[in-house]
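Chemist: Chain A is fixed; fit chain B onto it per the hints.
Just so you know, the protein sequences line up as chains A and B, in that order. The first sequence lines up with residues 1 to 421 when you count with our numbering. The second sequence lines up with residues 1001 to 1421 when you count with our numbering.
Read the hints as simulated data drawn from the structure, not as lab findings. Any given hint could turn out to be false.
[As the list claims (entries may be wrong)] In silico DMTMM-like links for lysine to aspartate or glutamate, alpha-carbon gap of 20 Å or less:
1) B:K1346 x A:D313
2) B:K1407 x A:D209
3) A:K397 x B:E1391
4) B:K1129 x B:E1095
5) B:K1290 x A:D260
6) A:K290 x A:E234
7) A:K85 x A:E130
8) A:K397 x B:E1234
9) B:K1397 x A:D342
10) B:K1397 x A:D313
11) A:K385 x B:D1398
12) B:K1402 x A:D209
13) A:K284 x B:D1260
14) A:K402 x B:E1391
15) B:K1409 x A:E381
16) A:K231 x A:E285
17) B:K1402 x A:E391
Protein chains: 2
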Amino acid sequence: MTKLSNAFYAQSGGVTAVINASAAGVIETARKNQNKIGKIYAGKNGIIGALTEDLIDTSKESATAIAALKHTPAGAFGSCRYKLKTLNENRAEYERLIAVFKAHNIGYFFYNGGGDSADTCLKVSKISKELGFPIQAIHIPKTVDNDLPITDCCPGFGSVAKYVAVSMKEASFDVASMAKTSTKVFILEVMGRHAGWIAAAGGLASTKDSPLPLVILFPEITFNRKKFIKKVQEKVKKFGYCSIVVSEGVKGSNGQFLSDQGLKDAFGHAQLGGVAPVIANLIKEDLGFKYHWSVADYLQRAARHIASQVDVDQAYALGASAVKLAIEGQNAVMPTIERISDHPYKWKLGTARLSRVANIEKKMPKKFISIDGFGITPSCERYLKPLIKGEAYPPYKDGLPKYVTLKNKSVKKKLSNNFKI
Amino acid sequence: MTKLSNAFYAQSGGVTAVINASAAGVIETARKNQNKIGKIYAGKNGIIGALTEDLIDTSKESATAIAALKHTPAGAFGSCRYKLKTLNENRAEYERLIAVFKAHNIGYFFYNGGGDSADTCLKVSKISKELGFPIQAIHIPKTVDNDLPITDCCPGFGSVAKYVAVSMKEASFDVASMAKTSTKVFILEVMGRHAGWIAAAGGLASTKDSPLPLVILFPEITFNRKKFIKKVQEKVKKFGYCSIVVSEGVKGSNGQFLSDQGLKDAFGHAQLGGVAPVIANLIKEDLGFKYHWSVADYLQRAARHIASQVDVDQAYALGASAVKLAIEGQNAVMPTIERISDHPYKWKLGTARLSRVANIEKKMPKKFISIDGFGITPSCERYLKPLIKGEAYPPYKDGLPKYVTLKNKSVKKKLSNNFKI
Chain A
1 MTKLSNAFYA QSGGVTAVIN ASAAGVIETA RKNQNKIGKI YAGKNGIIGA
51 LTEDLIDTSK ESATAIAALK HTPAGAFGSC RYKLKTLNEN RAEYERLIAV
101 FKAHNIGYFF YNGGGDSADT CLKVSKISKE LGFPIQAIHI PKTVDNDLPI
151 TDCCPGFGSV AKYVAVSMKE ASFDVASMAK TSTKVFILEV MGRHAGWIAA
201 AGGLASTKDS PLPLVILFPE ITFNRKKFIK KVQEKVKKFG YCSIVVSEGV
251 KGSNGQFLSD QGLKDAFGHA QLGGVAPVIA NLIKEDLGFK YHWSVADYLQ
301 RAARHIASQV DVDQAYALGA SAVKLAIEGQ NAVMPTIERI SDHPYKWKLG
351 TARLSRVANI EKKMPKKFIS IDGFGITPSC ERYLKPLIKG EAYPPYKDGL
401 PKYVTLKNKS VKKKLSNNFK I
Chain B
1001 MTKLSNAFYA QSGGVTAVIN ASAAGVIETA RKNQNKIGKI YAGKNGIIGA
1051 LTEDLIDTSK ESATAIAALK HTPAGAFGSC RYKLKTLNEN RAEYERLIAV
1101 FKAHNIGYFF YNGGGDSADT CLKVSKISKE LGFPIQAIHI PKTVDNDLPI
1151 TDCCPGFGSV AKYVAVSMKE ASFDVASMAK TSTKVFILEV MGRHAGWIAA
1201 AGGLASTKDS PLPLVILFPE ITFNRKKFIK KVQEKVKKFG YCSIVVSEGV
1251 KGSNGQFLSD QGLKDAFGHA QLGGVAPVIA NLIKEDLGFK YHWSVADYLQ
1301 RAARHIASQV DVDQAYALGA SAVKLAIEGQ NAVMPTIERI SDHPYKWKLG
1351 TARLSRVANI EKKMPKKFIS IDGFGITPSC ERYLKPLIKG EAYPPYKDGL
1401 PKYVTLKNKS VKKKLSNNFK I
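So here's chain A without its partners, still in its complex pose (with noise of 0.2 Å):
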């Protein structure tokens, strides 16, 4: 009888609120076949721990902990930004790899992220052809910026989605209110430097029983001054207020982000602001009204307390799917979502070919923006919308979310040489 093989499991890039839950499907799905599968090595930080040979020992955790992975937002393993260089341009990466897979008895490895993941998936993918040594790398869809291609969307994406519609219906609900002796204008700063799909779930905020006077600011879109003022001057004079959704990429016709003024402080040193309060400033100067202004930032990817039910399930099971196709005896593969039909919302599970993946980013459809740039269609609506459905709530313990933090323990080095990043 041979001895089951390890697998390798790491999360990569950008945090969500839900790529904890894809860790707990791959866990969880190891453990109800540990006839085929042997121990889940997490990797601290990402591939790193692969590299530095720091493993976390996931066999140690309860199974109350690993549960608890499904409503505990960012990662429980530590991520990282790191790309692998090609096998010609640095041949010791992947030697290194090779020497802790072989010494901790590594066959399959599961990789959790975004585009450059897969990208570092598919190139892991190939070890066992080009350097001959047995791996199975699985790539596990995850990234708020909803960019990967082939599958409907990405585990985190619903969750951050639901976050900027809530936040967004409650903040213009504020400026109403306050619209006749004060604020008129409230700006949203969002994430999505490449592609408005954040952005885009602005737009859900407003819906036939409750339209609110949105505008959205795609990076798609190059900003144009003067049709904005006089967009947000329209819904002004229409409902007395205007709330603007801004995605941090937003460029203007000298192809430069609006967020890069070359702001520099009294003392002369540059400063780094946010595009919300170049936005503010031009609504200042060109209509002299009282505005507010907000950025997300990471509160939008971490905010597992309103994380969306179907992001939730969709994480889990994508995790899931890792583990069974790795059994299944699948190389350089993704699973991903496949929607079947939008009202009532129902998906499945698929599979696509990393090498279809990789480096590859998915752009938002022109037909998902509004003619006059500044909303969404309802093509757009009718694909956000599903995403957002459902309110997995975390458990509370004294008004605060009870998120797990793992013991993490290590596995003991088997490697006399370290490696240095």
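Modeler: Quick look at chain B alone, frame taken from chain A:
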């Protein structure tokens, strides 16, 4: 049989996640006492509605709609920032109020607001004596700033406190995941220009079960760059990362707001920024750490989706109490929250004379700030903890909270002349 007097209710100043719960308390209690109190007319946009005779007939709203106010943030009737002058300074305003009250048979004045509103309410309460018009003025406390005297806490604050504590916990989990190769410092800017109550609530994010490396910047403590940077450096050294809560009201040793940095854009225009990016810049300059920053702004006070149950209950109870005090014949008073015990948390309603409330700001006690000036003390924690208890979730439809928008039917005007604000 004399005709029952009607009541005027208005919302004032910055709105909150639970001010509408107070409105529900007023209206539902009045409806239960229809043999003692007539109609409840709400001021459109606060007291301005009384001056311009823009009254809303709340009797046109269904019981369901009024009940839904309990879970709807912001001001359902509109609010305003408007302080009545003294009788000597603007007698015309008071004469106008009397004319409107007389025309609509208004004998009760319920004013729902903070310190400025308490002052306005006190002035109205004097009409009775000084101008001989019978009116009972009752103030209903509301302010996220938690700075009204006598009452143990102010409705609106508990929910902001919960939002800030939950958000800091979530963002801290996020930055902890990223710290190895990326962001090491996260900064959240919160409200509180004069008092650090809201910033202090960030301290609740760190618990015995789940300690977090928090640094709090209070408006009560003069900012000292060297000490601050040292503190952040210590936290990063020990925990690998650091989370900072900064109050918008933090000032430097020159007495100026830190946010007021004389920023200029590329064209030399003044740029209004928050304090979070200023703090971020100091981190970059002195420590070189990668950072992220967020400005919560309206999101924090509008976040009904994560409101505290204690806060909602108290807001409602204070609205209900105001009506009972009116029926008892009281004038120039404000119902208050009296704390009986911290743990288990017990509270009851009390009453304060408005003359002891108006224009008095309750500062945060010195003993609530730790000796180093960057954290909260155990006594502060004991005070704050009960206020964020319980999750008063709103109902949802299609992934979004079902907030109510009232019909807000106008009462027919009876006066022929208009009044200019």
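Chemist: Hints first: check each against the structure and report whether it holds.
Modeler: Hint by hint, here is what the structure shows:
| no. | hint | in the structure |
| --- | --- | --- |
| 1 | B:K1346 x A:D313 | violated, 39 Å |
| 2 | B:K1407 x A:D209 | holds, 12 Å |
| 3 | A:K397 x B:E1391 | holds, 10 Å |
| 4 | B:K1129 x B:E1095 | holds, 14 Å |
| 5 | B:K1290 x A:D260 | holds, 17 Å |
| 6 | A:K290 x A:E234 | holds, 16 Å |
| 7 | A:K85 x A:E130 | holds, 15 Å |
| 8 | A:K397 x B:E1234 | violated, 29 Å |
| 9 | B:K1397 x A:D342 | holds, 16 Å |
| 10 | B:K1397 x A:D313 | holds, 19 Å |
| 11 | A:K385 x B:D1398 | holds, 7 Å |
| 12 | B:K1402 x A:D209 | holds, 9 Å |
| 13 | A:K284 x B:D1260 | holds, 17 Å |
| 14 | A:K402 x B:E1391 | holds, 13 Å |
| 15 | B:K1409 x A:E381 | violated, 32 Å |
| 16 | A:K231 x A:E285 | holds, 15 Å |
| 17 | B:K1402 x A:E391 | holds, 13 Å |
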